[in-house]
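Colleague: Protein sequences, first through last, are from chains L and Y. My numbering puts the first sequence at residues 1 to 196. My numbering puts the second sequence at residues 1 to 196.
Note that these hints are calculated values from the structure, not bench results. A virtual CB, placed ideally from N, CA and C, is assigned to each residue, including glycine. Be aware that one or more of the hints could be misleading.
Beta-carbon label-pair distances, calculated as ranges [unchecked claim]:
id, chain 1, residue 1, chain 2, residue 2, range
1, L, H122, Y, I131, 38 to 46 Å
2, Y, L156, L, L166, 23 to 31 Å
3, Y, S51, L, H122, 36 to 44 Å
4, Y, A110, L, K163, 41 to 49 Å
5, L, F61, Y, I138, 45 to 53 Å
6, L, I138, Y, I194, 20 to 28 Å
7, Y, A110, L, D129, 37 to 45 Å
8, Y, S55, L, L166, 37 to 45 Å
Number of protein chains: 2
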Amino acid sequence: MKQEGEVLVVACRPMAGMSPVSVNSLTQRPFPTPSPFTFSVASTRWSSRPSIHYSNLVLRFLALIFSFVSALSLAASSPKKKGQLPSSFTGYSELMYCFIVYTLVFVYSALQLFKGVCDMEHRGMIISDLISDYLSFILDQLLGYLLISSCSVAILDAQQISKTALLWKVMSFAAFLVTATCTILSGYKLCKRIIW
Amino acid sequence: MKQEGEVLVVACRPMAGMSPVSVNSLTQRPFPTPSPFTFSVASTRWSSRPSIHYSNLVLRFLALIFSFVSALSLAASSPKKKGQLPSSFTGYSELMYCFIVYTLVFVYSALQLFKGVCDMEHRGMIISDLISDYLSFILDQLLGYLLISSCSVAILDAQQISKTALLWKVMSFAAFLVTATCTILSGYKLCKRIIW
Numbered sequence: 001m002k003q004e005g006e007v008l009v010v011a012c013r014p015m016a017g018m019s020p021v022s023v024n025s026l027t028q029r030p031f032p033t034p035s036p037f038t039f040s041v042a043s044t045r046w047s048s049r050p051s052i053h054y055s056n057l058v059l060r061f062l063a064l065i066f067s068f069v070s071a072l073s074l075a076a077s078s079p080k081k082k083g084q085l086p087s088s089f090t091g092y093s094e095l096m097y098c099f100i101v102y103t104l105v106f107v108y109s110a111l112q113l114f115k116g117v118c119d120m121e122h123r124g125m126i127i128s129d130l131i132s133d134y135l136s137f138i139l140d141q142l143l144g145y146l147l148i149s150s151c152s153v154a155i156l157d158a159q160q161i162s163k164t165a166l167l168w169k170v171m172s173f174a175a176f177l178v179t180a181t182c183t184i185l186s187g188y189k190l191c192k193r194i195i196w
Numbered sequence: 001m002k003q004e005g006e007v008l009v010v011a012c013r014p015m016a017g018m019s020p021v022s023v024n025s026l027t028q029r030p031f032p033t034p035s036p037f038t039f040s041v042a043s044t045r046w047s048s049r050p051s052i053h054y055s056n057l058v059l060r061f062l063a064l065i066f067s068f069v070s071a072l073s074l075a076a077s078s079p080k081k082k083g084q085l086p087s088s089f090t091g092y093s094e095l096m097y098c099f100i101v102y103t104l105v106f107v108y109s110a111l112q113l114f115k116g117v118c119d120m121e122h123r124g125m126i127i128s129d130l131i132s133d134y135l136s137f138i139l140d141q142l143l144g145y146l147l148i149s150s151c152s153v154a155i156l157d158a159q160q161i162s163k164t165a166l167l168w169k170v171m172s173f174a175a176f177l178v179t180a181t182c183t184i185l186s187g188y189k190l191c192k193r194i195i196w
């Protein structure tokens with residue numbers, strides 16, 4: 001409910017199995033306020049939660065795939081000119097940093113995906129929702145910044161990679177975009193929790 | 001009354017001669033819990049808005065200072081060994097990238113600070129609140145990622161800087177932390193707008 005100018009706006013979610021007309025007649029009775037609980041608890045449980053939950057799962061799956069392919073294209077790389085340059089990516093500290101970050105993103109995405117699938121059956125089975133929201137927000141932020149940092153550092157050395165440079169660039173950018181979107185989504189979820 | 005997606009929005013005019021306090025007491029009647037309405041309506045208007053507004057101003061001011069000192073310490077740098085290496089930071093493309101990002105952060109922080117001070121007198125005078133919130137969120141995200149990216153790239157070349165390397169590192173880190181906090185704050189403000 002917010003007061004815009006002189007108009008009082010009340011937002012409520014219609015309860016399950018209740019037509020909007022009956023909700024309307026109910027809400028208008030004492031004062032047009034629905035119970036705060038129908039809004040907060042109901043909304044997070046049935047109507048809005050699944051869409052956010054499924055988008056989150058899809059994003060985590062994409063992050064998993066993209067980080068895996070990025071790490072693979074980095075590991076399978078071979079330098080353009082053989083000789084003085086290190087033959088493997090382990091010779092470049094920047095590429096190693098990048099590889100470690102991809103591994104972290106991969107493991108984190110796998111854990112999030114596992115948790116998301118488990119939550120479909122029993123909500124809050126592995127970790128409580130409150131801790132999960134805070135932890136996801138912090139780790140997403142951290143991994144997003146780590147990803148952009150490592151890619152920026154590695155891009156100069158990645159020029160040495162002959163065959164998989166383009167694939168690596170595309171996959172890294174995709175992984176970063178997905179992680180940044182995850183960050184926004186987990187921030188939104190946390191905000192919703194804090195504001196309510 | 002209109003139905004937006006699955007959210008029912010009821011708009012009504014507050015009754016004449018009814019103070020916000022009496023409205024509040026009405027909503028609190030059925031459920032004796034701290035009503036979200038007291039939190040939202042009251043807080044956005046009187047209690048929490050100024051604190052967010054002032055924290056935002058302080059953060060923008062800090063970002064302005066830190067980005068200015070970072071850019072200055074980069075511009076005033078001189079290489080350790082004279083000779084083959086470029087004498088100025090303009091010779092290093094990575095340091096130039098970093099310098100440009102600092103300049104962007106400085107200009108953006110100055111504009112945000114100007115807008116914040118103007119809003120104290122007349123809210124939404126320069127730009128409407130809705131556009132401002134969306135724009136701040138996007139630009140904060142963008143500058144946060146640009147800042148960490150440019151600092152990561154420049155840190156290797158910054159080893160060449162003799163006198164101001166430590167100052168640059170500390171100030172860059174501070175500028176990044178402040179920008180990241182601004183990003184979280186503007187995300188929170190936008191979420192509050194979307195959820196309400």
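Colleague: Look at each hint and say if it fits the structure.
Modeller: Okay, the hints, checked on the actual structure:
A C-beta distance of roughly 43 Å is found between H122 of chain L and I131 of chain Y, which places it inside the suggested range of 38 to 46 Å. Distance hint for L156 of chain Y and L166 of chain L: a CB-CB separation of about 24 Å, consistent with the stated range 23 to 31 Å. For S51 of chain Y and H122 of chain L, the Cβ-Cβ distance of about 39 Å falls inside the hinted range of 36 to 44 Å, so the restraint holds. The given range of 41 to 49 Å is respected by A110 of chain Y and K163 of chain L, whose C-beta atoms sit roughly 46 Å from each other.
For the pair F61 of chain L and I138 of chain Y, the beta carbons lie near 26 Å from each other, so the given range of 45 to 53 Å is not met. Our hint of 20 to 28 Å for I138 of chain L and I194 of chain Y holds, since their Cβ atoms are close to 22 Å apart. At roughly 41 Å, the beta carbons of A110 of chain Y and D129 of chain L sit within the given window of 37 to 45 Å. One distance hint, 37 to 45 Å for the beta-carbon pair S55 of chain Y and L166 of chain L, holds here, with the actual separation near 44 Å.
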